[in-house]
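2 protein chains.
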Amino acid sequence: MKGVQHMKWWGWGLDGISFHHEDKPKFAPFVRERVGIDVTTPAARPPLRFEELDVPEPRLDDDLRSTLAGLVGEEYVTTDAMERVVHTFGKSVRDLIRIRRGELGRMPDVVVYPDSTDEVARVVDAVVAADAVLIPFGGGSNIAGSLEVPRGETRTVVSVDLGRMNKLLEIDEESGLALIQAGALGPHLEEQLQQRGWTIGHFPDSFSHSTLGGWIATRSSGMQSDRYGDIADITRGLTMAMPGKVLTLRPLPSSSTGPSVREMVLGSEGRLGVITEAWVNVKRVAEERVVLGYFFPDFATGLEALREIHKSDATPLVGRVSDERETQFSLATSKKSKGISKYVTKGLMAYLTRKGWDLQKLCLSFIGFEGSRSHVALQQRLVREIVTRHGGIVVGKGPGVLYDQKKFDTPYLRDFLLDRGAAADVSDTAAPWSKLKPLYDNVIAAAEGAFAEIGCQGYIMCHLSHNYHSGACLYFTFAVAHEGPGVIEKYDVVKRAIQSEFIRSGGTLSHHHGVGVEHSPWLAEDVSPAGQELIGGLLDFADPKHNLNPGKIVHTGTPGVSVLSEQ
Amino acid sequence: MKGVQHMKWWGWGLDGISFHHEDKPKFAPFVRERVGIDVTTPAARPPLRFEELDVPEPRLDDDLRSTLAGLVGEEYVTTDAMERVVHTFGKSVRDLIRIRRGELGRMPDVVVYPDSTDEVARVVDAVVAADAVLIPFGGGSNIAGSLEVPRGETRTVVSVDLGRMNKLLEIDEESGLALIQAGALGPHLEEQLQQRGWTIGHFPDSFSHSTLGGWIATRSSGMQSDRYGDIADITRGLTMAMPGKVLTLRPLPSSSTGPSVREMVLGSEGRLGVITEAWVNVKRVAEERVVLGYFFPDFATGLEALREIHKSDATPLVGRVSDERETQFSLATSKKSKGISKYVTKGLMAYLTRKGWDLQKLCLSFIGFEGSRSHVALQQRLVREIVTRHGGIVVGKGPGVLYDQKKFDTPYLRDFLLDRGAAADVSDTAAPWSKLKPLYDNVIAAAEGAFAEIGCQGYIMCHLSHNYHSGACLYFTFAVAHEGPGVIEKYDVVKRAIQSEFIRSGGTLSHHHGVGVEHSPWLAEDVSPAGQELIGGLLDFADPKHNLNPGKIVHTGTPGVSVLSEQ
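If you read the sequences in order, they're chains B and A. Under full-length UniProt numbering, think of the first position of the first sequence as 1, with each following residue one higher. Under full-length UniProt numbering, think of the first position of the second sequence as 1, with each following residue one higher.
One chain only, chain B, in its complex shape (with noise of 0.2 Å):
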């Protein structure tokens, strides 16, 4: 749609940008090593071409067609091939594998571009009318399966894209908050805050293809919560269209009405109408902002030192520490001449040694600070001080400038690498910090015992992020290999094996990619089945034919199974 960014049809990001290994010589032996594939040969499992694919016609009458289109205007309602396709999948690596085989299911009919509150809520109240689905449509970077059309769904699925409504509507300076509208995208957004001074302080691994409203839907967070909160924080007020109302919370900085209407929205995916626009808190541009690498001598210690400092004085900006394995990931990744290994220098390698260091578990960190000049060199100290004691060192700016340049990368490289023949994708979790280094230990096991049990060579790596002052997000990444057919099977027995872990050591389904279809078969575990049954009976409250959004969040299969192997 003219004005509306969208990401490749079968693949993450912009079209004409993607991962590249020639500039960085240790990506393919380090990749050889681990994932057991060769990545320097010409991609042997490319997409589908868009001319191969076999869309079927949209399930759209005549009514409902003319319906929509008087409200959003004729332009504004699309039928088109590619339109549909691009509306048919999230960003998960079940949505690449299916997209870049042609494997389209049951997809959306019609995709309509509203550009108001009042034109969402007359489509709301239209699809309800007419017993058809709507799915709201932000970025289209979800990675749990809430964008998907239930396989055996029958009536006419509307995908509502929201990219027409992506402007920040007003700034209240004195409080600090800003009215945008949810279709706004992430650097639209920030843009037009900074323009003014502004930013919403809110950077998740998706920003660059994520929108506002996609954020609330599935409580988000930023790589920078430690400072600025996760997006349940952050967001202050918010309006949704439902059927037959309009749901309107007023910007309010802290209130004892409950049970939270306001939490209820957070994380509803769609499942209970369409955000509109949101109220949400926005900070003045800082002084300073700094991030700094740090190395530990091994993950347990890295872990504790985070601990540490988010039990100290210390307000940073971000904490994140890799462990060994997605550190040597790192280094691979590194570019010849500018990347972070030319921080890894044979002098200061000899210096660790003679230290004692096994540098086979060296493990990489970066912490950020932002604020005054005064407060940024004093939180500087602090932390230095905490991980010195630790055992850690301070390797300084360097690898903070690399950190920011590349943090919005990673997800290209799952393309790069469905390509050439394995399937990588991420799980997160949060924990109470005693429970973080079992946690960890686990979930590696868990994992290695899938690839085994797949009988595919794998690799998984961590790190910890977000922190809290009870505990934190570790964010595992983990890639199999793999040969033609059954590649979905084996990467649920990894993705299952890894989810499953999270749930019995103690952490939660997911830190920050909320539920969807892929997560669900574990809500009933991570918050008991009484507290699936109030989900459901609050969704089925506010949408009893389930027009909205079906089959996302709670989970009607057999526990601990995923809903897409199933079908």
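Calculated directly from the structure, the hints in this document are not laboratory data. Because the structure is a prediction, the values reported are computed rather than measured. Built from N, CA and C at the ideal position, the CB exists for glycine as well. There could be a bad hint or two in this list.
Ranges between beta-carbon positions, derived for each pair [to be verified]:
| id | chain 1 | residue 1 | chain 2 | residue 2 | range |
| --- | --- | --- | --- | --- | --- |
| 1 | A | E170 | B | R284 | 39 to 47 Å |
| 2 | A | A445 | B | R284 | 28 to 36 Å |
| 3 | B | R384 | A | L169 | 37 to 45 Å |
| 4 | B | D441 | A | L169 | 55 to 63 Å |
| 5 | A | Q194 | B | G486 | 56 to 64 Å |
| 6 | A | D540 | B | R284 | 39 to 47 Å |
| 7 | B | A129 | A | E103 | 45 to 53 Å |
| 8 | A | T154 | B | T79 | 54 to 62 Å |
| 9 | B | P544 | A | T154 | 48 to 56 Å |
| 10 | A | T40 | B | R284 | 48 to 56 Å |
Given chain B, put chain A in place with the hints provided.
Structure of chain A alone, referenced to chain B:
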């Protein structure tokens, strides 16, 4: 009940503790001038004696009685008149007026004291099976009518007192999490934590007489919420007995599982079930804690300084500023030799007058700091710089020490005033910074208008407490003189004027006292009609026959008119 501490049946706090004016020479003249009553004469309107109460026979059949006795033990099931009276009301001024007059209305028929989650779960099931009504009881300090039995209730009413469930069960020292039973009163809970070097940091005005379960059920906030968070932030996991099931939320620092079940329980006021225990954030008792006093030339300046402090890099423990009305009240309640007024020296006042201050507009402020010594010193410097830039002055530690000594005493004043012909209570709200001063002005005007309307002399005063990035809480205290009957109706006119102005001026119906029945007329305006429907739908789903604390939160009468006034 043996081992369970209750407040006076007719008033606030413990027997033998009450407010005295004799040691506060400015108090009587102040009240005579501002509220129009003479407090120097003996109490002219004491409460009835207990023997004078007309306590109706309990409506409890033998089946339910023996079932309950079988579940919790014969000695923990009581229909004793005093027990039933103690469990009849909370402690709003409406409650106090009614109980002093012996207007008990429909009251609990039986009180049970379970001792475990399992016992509570069985009691819930038994009550629902008998189609009776269950009202959970913590400390009984609620001022929103959350303990009220609906007047027309014909079913047996069972008050479930959590008082025996008062133990600290476990501390996860690595994570900073404590598992505590819901019936633990503030001081007992804090004592058990402090013995091991920890604190929950949650100190609402009601701290001495309220419980963890009550705090969660009403979305409470403590005085130190700027550092420790509201109870909604502090509560990380919990257990709640529901009909036929037990909800268990494991302690998690954060999660993207939405809609948040944790946030459904927070503020649910017994309508979803009985909270039996919770995992809460706890922190190590800080090395240093300091509360300093400050003066501002007027309230607007004080608000602006607090706002700027919370936009800066400073992270205070508590930030509070009184308007000139409350400042004058504080000075009037100052003890002769050692009260706050000793800091209002002639020399200082002369200096401030020379600076151009209008001493009638003087505003007292408290800002507190906690952490390591160096952190506290730095915070004091950061805050002093902002305060003085706004023309405020640092008064020093003395007032802060007095603040800490007196902080839980204010509620006793209401009984003293009722004895002498004035009704006083509080109403609080939260709003964005940009709306605070207009809201304040509008609420003062609305209250003055209400005093005129009812033809009674009255007084209203305010302080800012609880600061957030985007706004703050304004906490109003008001008193009206009254003669004989009609006092509740007169009080209602004032309360309604204040609450309506909160909403009209962009605030929430209550920042930290919940909805109950007292605030439910404003629910639909607070969260919009669609939001009220979502809350109602959730509550009805979980409790279709309204066995659990019926009538709370969702109002079904005339908008803007208190349910209680209509009875």
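Against the structure, the hints:
1. As the Cβ distance of E170(A) to R284(B) is approximately 42 Å, the hint placing it in 39 to 47 Å holds.
2. The beta-carbon spacing between A445(A) and R284(B), approximately 33 Å, falls within the hinted interval of 28 to 36 Å.
3. For R384(B) paired with L169(A), a C-beta distance near 38 Å keeps the hint of 37 to 45 Å intact.
4. Range check, D441(B) to L169(A): Cβ separation about 27 Å, and the 55 to 63 Å hint is violated.
5. In this structure, Q194(A) and G486(B) meet the distance hint of 56 to 64 Å, their C-beta atoms being roughly 59 Å apart.
6. Checked against the hint of 39 to 47 Å, the C-beta distance between D540(A) and R284(B) comes to roughly 45 Å, which is consistent with it.
7. Range check, A129(B) to E103(A): about 51 Å between beta-carbon atoms, so the 45 to 53 Å window is met.
8. For the hinted restraint 54 to 62 Å between T154(A) and T79(B), the CB-CB distance of approximately 59 Å keeps it satisfied.
9. At about 31 Å, the CB distance of P544(B) to T154(A) disagrees with the hint of 48 to 56 Å.
10. Take T40(A) and R284(B): their Cβ atoms lie about 54 Å apart, and the range 48 to 56 Å holds.
Figure legend: structure checked against the earlier numbered hints; hints not met, in rising order: 4, 9.
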